[in-house]
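There are 4 protein chains.
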Amino acid sequence: MAGNSFGTLFKLTTFGESHGKAIGGIIDGCPAGIELDFDFIQNELNRRKPGQSKIVTQRKEPDTVEFLSGIFENKTTGTPIAFVIYNTDQKSKDYSHIKDVYRPSHADYTYDQKYGIRDYRGGGRSSARETASRVVAGAVAKIVLKDIKITAYTSAVGNIQLEEDYNLYDFNQIEHNDVRCASPEKAAEMINLIKAVRKQGDTIGGVITCVIKNVPVGLGEPVFDKLHAQLGKAMLSINAVKGFEYGSGFEGTKLKGSEHNDLFNADGSTKTNRSGGVQGGISNGMDIYFKVAFKPVATLIQNQEALDNKGNLVEMQGKGRHDPCVVPRAVPIVEAMAALVLADFILLRRQESKEW
Amino acid sequence: MAGNSFGTLFKLTTFGESHGKAIGGIIDGCPAGIELDFDFIQNELNRRKPGQSKIVTQRKEPDTVEFLSGIFENKTTGTPIAFVIYNTDQKSKDYSHIKDVYRPSHADYTYDQKYGIRDYRGGGRSSARETASRVVAGAVAKIVLKDIKITAYTSAVGNIQLEEDYNLYDFNQIEHNDVRCASPEKAAEMINLIKAVRKQGDTIGGVITCVIKNVPVGLGEPVFDKLHAQLGKAMLSINAVKGFEYGSGFEGTKLKGSEHNDLFNADGSTKTNRSGGVQGGISNGMDIYFKVAFKPVATLIQNQEALDNKGNLVEMQGKGRHDPCVVPRAVPIVEAMAALVLADFILLRRQESKEW
Amino acid sequence: MAGNSFGTLFKLTTFGESHGKAIGGIIDGCPAGIELDFDFIQNELNRRKPGQSKIVTQRKEPDTVEFLSGIFENKTTGTPIAFVIYNTDQKSKDYSHIKDVYRPSHADYTYDQKYGIRDYRGGGRSSARETASRVVAGAVAKIVLKDIKITAYTSAVGNIQLEEDYNLYDFNQIEHNDVRCASPEKAAEMINLIKAVRKQGDTIGGVITCVIKNVPVGLGEPVFDKLHAQLGKAMLSINAVKGFEYGSGFEGTKLKGSEHNDLFNADGSTKTNRSGGVQGGISNGMDIYFKVAFKPVATLIQNQEALDNKGNLVEMQGKGRHDPCVVPRAVPIVEAMAALVLADFILLRRQESKEW
Amino acid sequence: MAGNSFGTLFKLTTFGESHGKAIGGIIDGCPAGIELDFDFIQNELNRRKPGQSKIVTQRKEPDTVEFLSGIFENKTTGTPIAFVIYNTDQKSKDYSHIKDVYRPSHADYTYDQKYGIRDYRGGGRSSARETASRVVAGAVAKIVLKDIKITAYTSAVGNIQLEEDYNLYDFNQIEHNDVRCASPEKAAEMINLIKAVRKQGDTIGGVITCVIKNVPVGLGEPVFDKLHAQLGKAMLSINAVKGFEYGSGFEGTKLKGSEHNDLFNADGSTKTNRSGGVQGGISNGMDIYFKVAFKPVATLIQNQEALDNKGNLVEMQGKGRHDPCVVPRAVPIVEAMAALVLADFILLRRQESKEW
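These protein sequence lines are chains D, R, V and H, in that order. Residues 1129 to 1484, numbered by the working numbering, are exactly what the first sequence covers, in order. Residues 1129 to 1484, numbered by the working numbering, are exactly what the second sequence covers, in order. Residues 1129 to 1484, numbered by the working numbering, are exactly what the third sequence covers, in order. Residues 1129 to 1484, numbered by the working numbering, are exactly what the fourth sequence covers, in order.
Hints are supplied without guarantee of correctness; some may be wrong.
Pairs involving identical chains hold if they fit within one copy or between any two copies, as the list cannot separate such chains.
Restricting the straight-line Cα-Cα distance to at most 25 angstroms, the calculated cross-link-like pairs of lysine-lysine (DSS-like) are [said to hold, decoys possible]: (1) Lys1399 / Lys1323; (2) Lys1274 / Lys1203; (3) Lys1438 / Lys1399; (4) Lys1323 / Lys1203; (5) Lys1149 / Lys1274; (6) Lys1149 / Lys1227; (7) Lys1227 / Lys1203; (8) Lys1438 / Lys1227; (9) Lys1277 / Lys1149; (10) Lys1323 / Lys1149; (11) Lys1323 / Lys1384; (12) Lys1274 / Lys1384; (13) Lys1327 / Lys1149; (14) Lys1177 / Lys1323; (15) Lys1149 / Lys1203; (16) Lys1203 / Lys1438; (17) Lys1341 / Lys1149; (18) Lys1277 / Lys1177; (19) Lys1327 / Lys1177; (20) Lys1384 / Lys1399; (21) Lys1384 / Lys1327; (22) Lys1277 / Lys1438; (23) Lys1203 / Lys1384.
For the record, the hints were derived by calculation from the structure and aren't laboratory data.
Make a model of the complete structure from these sequences and hints.
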């Protein structure tokens, strides 16, 4: 079925396989008259790009986005905005050995079972390569969101973990280290861990924290399209994600209501914010903050036992290029998905303006 | 906007406020020719009903569901199945004191900001009362799912917590204690904790674990409607939910890939199941299991400071009836949402059958 | 599949069979704070009701609509508005003779083929009874539309036909004759024709013209959800409809562009209006006008040859009650569908307001 | 809003303006494992191409479609199929004179009112150029439909008109004349008329008839997504379309039920087919046939009065290239839209297979 669209009014539809001709997407419903900053968009895409540092995958790609429609004299026209990123640095021969093999904890097996056919090169459509399209669309969404500020950062890698309270950290630090961590000290520890893991041909997981500030009140569409529910779906749709929690999350389940409730200030803001900026599925103006859990990705350089499509267990060595830890590269993807969710709810909100 | 529908092919639309005339819903897209067991459906609804035991809210309602369409001679016709549950035990005067008051950590404030008007009685549409409709639809979905078995249970209340491995427990125990816990020993502890909290006029949170067995391979629609992403959205849409994780969840982020990967057996099943039955967003036939975090609900009997709609902070005492812990009652709701998600994906799956 | 919803932001989902317990629907996405006039809504429903005059079906039903949710102190809350109309005057025994028989040009055969089961009484879900739900929702939509004025009337029955130009007629005449025709003279002719046809146990078709005034500019969502395309779908979904044309319609295909184009006035209005108020799928502020063709309905009192479900051709006499001409009763249904379409586009329009 | 998608399970999203970089689209939900015939697809696109004969627009474009994803070793993978057609033969300077001018009966005015900005070159997104994307997707849909045969032809130009009964004509004639008319004699008349009109710098309208054979029973999703209603919406979304009728259409409204009803044969087929292959919104296995009315397009070479964006009426001469009659070029577009509709319903049908 058609599961490749996200959003109702601000809607992104993506396409593209890891080793196909191109990846890209169509943004439908972007309001008209908005001036696009193409340097900003390309820069967001660069943040996700592999080959940025020694700790991530060594696949070098220009990853240049080209817009094909929906923009006139640098402004959006309200018509669909299509964009494409041509795949230029594929090593297809790296994957020939898995043509008939299902790698453990990859999507190879399930894609073959579901579709009866799969583009096995580099994981095909299941590859995280398709997230580049999300980052482009997320960049457009960020421009649409204007003053709403979305910031994500790596808050854990393996057992190395930051404090819960994001207010302790200086967000300006995030882009100044290779793991996009808000704490320079922890960043150094994380980098060492990732290098060690990489040497072993292994991978490690982590957690991303995202904070959204300057959120207007009233975003979210109960009872099924609650703001935090749609954020959760957005994050869980990113490759390797195993969990989502917002506000007080899983830890908050241990508290009593008298300890957990956020009391009001006279102006409608709250003294504390365990709610995470959402009440009854609707934004209340306070910061929205949430955490996204990333498993260690399945592609190892180590030997592993795999299954071939004839039912034989076979020894397989991971070749090609891989990320020992995808979390730093996922930071802009988390921000992009948050931007897409918010842009959609902002548009949905306008139609119920009390000035009817 | 219209945020009150869930699903694409098996679609539920619900209606109803806590103290309105009735709640209910329409199930559209249920396949035709399926024999409905009305006792089963009523029983599922009864599981959610308040007033079952001393530890939950004392609101007594028959909660009888009445079907209005879509069924002929006890079989579904393929036309919309509408159902209604009349509200009979409302104490509207219990809520008059909050007519102009926003209770902390409730949806009062955000609903008023968003809509400019709210039915304040019992939380109106934001009340968990609307989940009764989900349970009815979920029961129909369970019938449609036939051999797929969905079982949820309380795995934590406050600091009292079960082991991670659900295989350690006997699911037959779940319905034999008031907290729907799979461990009788832990159940007793939980009940004592809840009673103590109730005496204080306070509330406590917890966690529900859900296990789905006999899942066919191939369910899920990448890249945005991945099976686990839609499950996450479904769970997060339930009142008081603050987090969702599946498979190895947040804990698994600390593992290495070599420790985390699930190796294959020759028949396509896996030796371990940290994946949680989903790979690349598509079911692989292994058990799907996930956890849902519930915050302590915001309605306390204790005094709290609230905000009125003129900007004054006022002292408020919770009246009416409340749940010290909603987790036991949420168990059938979690199962119902899981059933709705799976029924939808089962129908979506049929259209890509390899026998084209 | 779920084909029982109409609209994106202002969305109606209906349910109900002709001889089931009830029919009704849920309106999701109606803006909050709108005061509903229940007399107006009931009156719209009465306009559609059978048994109003000697020329229509003699099924007498109170057809009283009851609202179950989404309204508080007479105002919409922005939450789903559910309504139900209980079926009270069914003569189920009238239809027992067709339990295993497919009547010619009815939906009996196709429903049985598609679903494998059908509620045969009175046509089940295929009966025009379900349009009562549309009229209720359309009435709510009309209230939302405020000054936008939707007026439909019978412009042809059989060969009796009004002039094309609706400006020649006084719309106040429409509700003053049994055929809802804007010309009293033609109305009398139509009534005589229908009576004659009724005596023969036969049926006759006709055409409804609809005019929408005070339409704001900018409604419609190209390229697939063009305003006139959605109007067309709405009208074609009404029972017995065989055609839709707007503006100059089929006749205009014979003109040259120089004869057909609408030249501008300085203020943006046009001197002529062959466009029918829509350009490029978007409203331009001029009257929207269109015609809907209704075939003679298939239920006759005469004998006809039918097919039974074992493959035998059988003689069948139509029993029960029937309409010799449904066109007068369809007038409020056409208005209701037009209102639903416009309400949806009005809400969609708000989100692209140039004041971004 | 996002009005640029068509379909639910087999979904097409298009993009592109007349004078932008490219047009194209994404097909999401095409079943996997289907072998695509790229020559066939390119040929379908060529049928629509301008510059084919002296009677149509003289814009010469290679109109070559390039596929970017969703296909592996010539088979569909079940992942989104993206395609692009680069615009190569644009004469942007031809349109500079209308930068600030609204041409009568064009979409210039409404687009500017709705979006506040428009790509004025060649009509931007409102141009029929975007229908090229529909033809590509329709070609893929035709392949998916296998034995279902869709054939459209010009049945009227101005006052020159074919007989109603399509069985009188030899469909093999359609591609052998420049107007795609099924009657060689009428084709010659039509060509002469169009040439005469072209000399005058004027345009003329017409009608297309479409016949669909080998339709399985059971397609269509009542009550709102009836097969003929969705066909109507599809056709009405094509540029210049003013009307849609199927089966007996507007003429049938003059018949009596006893004259109009289609009596059964013992095998479920019908002796006559005024229904047009659809009953109760569901296909019954008989031919589906319908007519689409095309107004004379608004772009003339003659002088016309237009409106500029400052409120002045100005004299304007049409320049650039234009079609005196778009009907012949629209024939493949009508077929393409019919294919998209049927493919979607075929997929929707599979999920209610009686073998539940």
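Each hint tested on the structure:
no.: 1; hint: Lys1399 / Lys1323; in the structure: neither (42 angstroms within a copy, 29 angstroms between copies)
no.: 2; hint: Lys1274 / Lys1203; in the structure: within (15 angstroms within a copy, 34 angstroms between copies)
no.: 3; hint: Lys1438 / Lys1399; in the structure: between (61 angstroms within a copy, 18 angstroms between copies)
no.: 4; hint: Lys1323 / Lys1203; in the structure: neither (44 angstroms within a copy, 41 angstroms between copies)
no.: 5; hint: Lys1149 / Lys1274; in the structure: neither (34 angstroms within a copy, 28 angstroms between copies)
no.: 6; hint: Lys1149 / Lys1227; in the structure: within (19 angstroms within a copy, 37 angstroms between copies)
no.: 7; hint: Lys1227 / Lys1203; in the structure: between (44 angstroms within a copy, 16 angstroms between copies)
no.: 8; hint: Lys1438 / Lys1227; in the structure: within (12 angstroms within a copy, 52 angstroms between copies)
no.: 9; hint: Lys1277 / Lys1149; in the structure: neither (34 angstroms within a copy, 32 angstroms between copies)
no.: 10; hint: Lys1323 / Lys1149; in the structure: neither (32 angstroms within a copy, 44 angstroms between copies)
no.: 11; hint: Lys1323 / Lys1384; in the structure: between (42 angstroms within a copy, 13 angstroms between copies)
no.: 12; hint: Lys1274 / Lys1384; in the structure: neither (38 angstroms within a copy, 39 angstroms between copies)
no.: 13; hint: Lys1327 / Lys1149; in the structure: neither (32 angstroms within a copy, 46 angstroms between copies)
no.: 14; hint: Lys1177 / Lys1323; in the structure: within (19 angstroms within a copy, 54 angstroms between copies)
no.: 15; hint: Lys1149 / Lys1203; in the structure: between (28 angstroms within a copy, 15 angstroms between copies)
no.: 16; hint: Lys1203 / Lys1438; in the structure: between (54 angstroms within a copy, 21 angstroms between copies)
no.: 17; hint: Lys1341 / Lys1149; in the structure: neither (38 angstroms within a copy, 37 angstroms between copies)
no.: 18; hint: Lys1277 / Lys1177; in the structure: within (22 angstroms within a copy, 42 angstroms between copies)
no.: 19; hint: Lys1327 / Lys1177; in the structure: within (21 angstroms within a copy, 56 angstroms between copies)
no.: 20; hint: Lys1384 / Lys1399; in the structure: within (17 angstroms within a copy, 40 angstroms between copies)
no.: 21; hint: Lys1384 / Lys1327; in the structure: between (46 angstroms within a copy, 13 angstroms between copies)
no.: 22; hint: Lys1277 / Lys1438; in the structure: neither (51 angstroms within a copy, 30 angstroms between copies)
no.: 23; hint: Lys1203 / Lys1384; in the structure: neither (51 angstroms within a copy, 37 angstroms between copies)
Hints 1, 4, 5, 9, 10, 12, 13, 17, 22 and 23 from the list above are not met by this structure, while the remaining hints are.
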